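Colleague: Read off the chains here:
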Amino acid sequence: MKIRVNVMLKEGVLDPQGKAIGHAFEVLGFSNVGEVRVGKTIELEVDTADREAAAAQGEAMARELLANLVIEDFAVEVAE
Amino acid sequence: MKAGIVLFPGTNRERDMAQALRLVSGRDPVMLWHRDTSLPQLDLVVLPGGFSFGDYLRSGAMGAHSPLMREIRSFAERGGHVLGVCNGFQILTEAQLLPGALLRNAGMRFLAQEHFLRVETADSPFTRDWSKGDVFRAPLAHGDGNYTAAPDVLDRLEAEDRVAFRYVSAQGQDDAADRRCNPNGSQRSIAGVLSENRRVCGLMPHPENLVDPDLGATDGVPLFSSLVKSLVA
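Respectively, the protein sequence lines represent chains A and B.
Numbering follows my numbering, in which position 70 of the first sequence is assigned residue number 79; successive positions increment by one, without gaps.
Numbering follows my numbering, in which position 137 of the second sequence is assigned residue number 526; successive positions increment by one, without gaps.
Since the hints were derived computationally from the structure, they do not count as laboratory data.
Owing to the predicted nature of the structure, the values given are computational and were not obtained by experimental measurement.
Heads up, a few of these hints could be off.
To be verified - DEER-style ranges, computed between Cβ atoms:
1. Asp523(B) - Ala62(A): 38 to 46 Å
2. Pro602(B) - Leu53(A): 48 to 56 Å
3. Glu549(B) - Val22(A): 17 to 25 Å
4. Pro602(B) - Ala69(A): 49 to 57 Å
Note that CB positions come from ideal geometry on N, CA and C, so glycine has one too.
I would like the entire structure built from these sequences, with the hints used as guidance.
Modeller: So, in structure tokens, the structure goes:
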């Protein structure tokens, strides 16, 4: 089963990469862009047919490694 | 003082650290591999600078889960002394042996420059050879040095006198909003912190690169002489 874990910096944590991309949009002429935030997506396959088990495992993996809860939030999707 | 330096794939400051330890303590440190599963008898474990695992996922995130880190965690829990510099500090926060996290520098730029630190407490095995308020030079070499933690964690660090070092101007002034004082944007200008038992210390700058008079200054020596004094009973 495929799991997708989305990791984003928490609200209020300064995201200098997002800011830099926002500035680049201004230069490119996209003048209506508000805040830009950068995150990351981790896709992984787990060997189970049980969607709930897959979601629980994705959550555990996010907590233990994929996200740093001091600065990041995460969301787990079971893709198929 | 018997010190061990932990090597991860991508560590690159281990020799500078070994040289500093050798110069100040008169004793060769041992090199440890991150996949080792036991620690020798040591007074001090050092996590040096570099780019362990290529900073994949987050700086220090992979290293924090290396097999030897389990041993280092129990060493720290038994009251062992642990120093993390630069990537070593990032690994210690990722391993939750120190609070907070290190974000991308506020200006997005990798900082490779000399800067000034102020000693915020002399009450630790890492800082006792300084006086509170001392200002010293230290090289910076990091892209992810922007220290952050929840406001209550920062308050607690300050209340418990666990901020070891702050970024300051050459005159010793701190101003978290001024990049000339606080080059990476760290919250409350924090450059280094201590654990609750004061025996684990992490900092982003590199005192180990200013210990040899032949290199022009010895500003970093007190970090190591403090440890020698504390650990050579």
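Colleague: Each of the hints needs a verdict: does it hold here or not?
Modeller: Now for the hints, and whether the structure bears them out:
1. Asp523(B) - Ala62(A): 38 to 46 Å: violated (56 Å)
2. Pro602(B) - Leu53(A): 48 to 56 Å: Given range 48 to 56 Å: holds, Cβ gap about 52 Å.
3. Glu549(B) - Val22(A): 17 to 25 Å: Given a distance of about 24 Å, which is inside 17 to 25 Å, the answer is holds.
4. Pro602(B) - Ala69(A): 49 to 57 Å: Because 52 Å falls inside the window, the suggested range holds.
In the structure shown, a violation is registered for the earlier hint numbered 1 alone.
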